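Asks: Working from the sequences, and respecting the hints, build out all of it.
If you're matching them up, the sequences are chains A and B in order. Take the first sequence: its position 397, counting from 1, is numbered 397 in my numbering, and each next residue is one higher. Take the second sequence: its position 247, counting from 1, is numbered 247 in my numbering, and each next residue is one higher.
Heads up, a few of these hints could be off.
To be verified - According to the in silico footprint, chain A covers these stretches of chain B (three or more CB under 8 Å from chain A): (1) 33 to 42; (2) 86 to 94; (3) 141 to 149; (4) 188 to 195; (5) 198 to 207.
Calculated directly from the structure, the hints in this document are not laboratory data. Keep in mind the model is a prediction, meaning the values are calculated, not measured. All C-beta atoms in this analysis are idealised placements derived from N, C-alpha and C, irrespective of residue type, glycine included.
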Amino acid sequence: MAPRAPSADDAGRSAGDGRLSENIVYFARALRAAGLPVGPGSILDALAAVKAAGVGTREDFYWTLHAGFVKRREHSILFEQAFRLFFRRRDVLDHMMAAMLPEAEPEAPEPPRAGAQRVAEALLGGRDEPQPPKPDEVEVDARLTVSDSEVLRRKDFAQMSALEIAQAREAIKRLVLPIDEVRTRRLRSSPHGRQVDLRRTLRASMKAGGALIDLQKLAPRTRPPPIVALVDISGSMSQYTRLFLHFLHAITDARRRVHTFLFGTRLTNVTRALQHKDPDEALEACSASVDDWSGGTRIGTSLHLFNRLWSRRVLGQGAVVLLITDGLERDPDERLAFEMDRLHRSCRRLIWLNPLLRFDGFEAKAKGIRTMLPHVDELRAIHNLDSMSELVRALSADGGRSNEARAWLKRVA
Amino acid sequence: MTKVAAVPGSIDDTLKLLTGADYVADRPLATVLFLALKMGRPLFLEGEAGVGKTEIAKVLSATLGRRLIRLQCYEGLDVSSAVYEWNYASQMIAIRLAEAEGVVDRDRLTGDIFSDRFLIRRPLLEALQPDPAGAPVLLIDELDRADEAFEAFLLEVLADNQVTIPELGTVKAPVPPIVIITSNRTREIHDALKRRCLYHWVGYPDAHRELAIVRAKVPGIGRLLSEQVVGFVQMLRQEDLFKAPGVAETLDWASALSELDVKALDPAKVSDTLGVLLKYQDDIVRIDSGKAAQMIGELKSELKSR
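Replies: Listed below in structure tokens is the structure:
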């Protein structure tokens, strides 16, 4: 990031330069408060970018700062809102362009747009002067339609005890998922390998003065495949949800490449929330980001959304999908079958965890279950599910043929 | 330094440069590209397949007269095929020759064996070599296809324009190459790598820009047909499709229709050639001839009212 020598037009502005950089630093702080991961590196980037491009029109200035601060597509919208609020008054920016900048004063709020609330809070939150009471904000998730059955409820999780956490860690350590190791195309040194590692061979032989050439071998490396968990959080599953989330938090902690999605009537990606080290914090973040706890279920719609928006982003590299649901769909139709089929085709293995099925007296009469069964590789029924270790045992155990979806289907027939 | 094509000096110049090579860019893209060139930083382009990410690197290399070095990523890509490798066969022979000559000095032999002479340069190292035509354009294509482990190899190159070879030392580029990284976002790239780059999301173009692209890239196309093609594709992108057509598909379709001597869209022609635009069977089923006819009807009335 070597800054270039200042060009001729910089010289004229050097007096005001200080204010400009100061304001960019303030702006960066506001961005950070709004949730963008803006470090000192990005600020230096942005300053260098503004220096390189000069301050031309408002649009150029916008995209110049954008290049410095935004590193993910999702942040683009937050950036836009922050920019709009921070440089709201036209004359502010004009002044800035003249490099004589007054402090940007926010004005009365405009109708909120996506991300506006967070940014506004971040920008205005730290100020001392009293804020006018905010009008009731209506948050609308534009991606999804809301049905009559949707119950918007926030759910608080009880704190997890220290003992529980310790037990969970132990249990997770022992967890071996079915097909837990996938061969990659990367190699590691191994005495039993089949491929010759010429580089190591030569270096070893150099140690001995080149007299001996002792072949060193390579074998393919294996690693756990990515896991994508789709968790049903509808009313009928509510007693298990907390357990599953703890479980997913623990595996997110233990291995990389775990993506978690919650669905009831909407689909929410909570992967980032689960990356908090502290389980309570993670679950708190999780429950804050979800609006449809314990409502109805629309499995077909949720799967459709997942397939369309996320499957190509997270199902690469041989991912295993854990579908955690009871399969009690309100109106199972061809669409559900179609989306299940697509999901099945896009992943390496589709494992359905169904806490409602029991080995004894299994009755999969519900139409949703019968629609979904043909499209899963494996069905794991989990009985007596009241602790994490039970869950881990159920997942680790190799149930042989009895876990295969076909065996279950036969029983249904 | 010898005379090299200068990098553009302003955002407007960048835009002009791209337009001159038939690449119709919008201003945000020109801005970030200009900054990447000016600040000597890698440019990370993310976006759906077929929106012209790779094309930027090609256009840059052509217009600036720089060499294009392309590294196509795939799973399992490692140092020996991306950065450098030793020429083991020659090394073996050298060892045997040294033996025959009776060289016993182990240090000298090691120094001889791991020297520049036996080094095979792969794209990343190649891009750091001085070039009389100016620093080359290094295109790291579809980085999301490589596994996470590979990203770590890139960090040193991207941050400091250098590669460290344990046996030989550090190779540093005299002039940093122009680095363009593309990703289709089939997985998230690690933040550590993104931090070292300027990031830009390349989206689908609006109707106006797409029309300009079609007319620039398919010279023989009629005025009416090009408007209809672009209008139809823009409408398709509003539909609930698994994979919306990219600009590349629009261009393919426009050339296909142009080759078939079509003057204006009609439902039958659309159905016959839909496979050029849509690459998933259920998307094709969704846009059946009835739906296509309806869309064309809407499109025609819209174009007429304009």
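Asks: None of the hints should be skipped; say for each whether it holds.
Replies: Hints versus structure:
For the stretch 33 to 42 of chain B, the stated coverage by chain A is satisfied: 7 residues place a CB nearer than 8 Å to a CB of that chain, which reaches the threshold of 3. Coverage of the stretch 86 to 94 of chain B by chain A holds [criterion: at least 3 residues with CB-CB distance below 8 Å; count 4]. Counting residues of the stretch 141 to 149 of chain B whose C-beta sits closer than 8 Å to any C-beta of chain A gives 4, which meets the bar of three, so the coverage hint holds. Using a Cβ-Cβ cut-off of 8 Å, 4 residues of the stretch 188 to 195 of chain B lie near chain A, which meets the minimum of three, so the contact claim holds.
With 4 residues carrying a beta carbon less than 8 Å from a beta carbon of chain A, the stretch 198 to 207 of chain B meets the three-residue requirement, and the given coverage holds.
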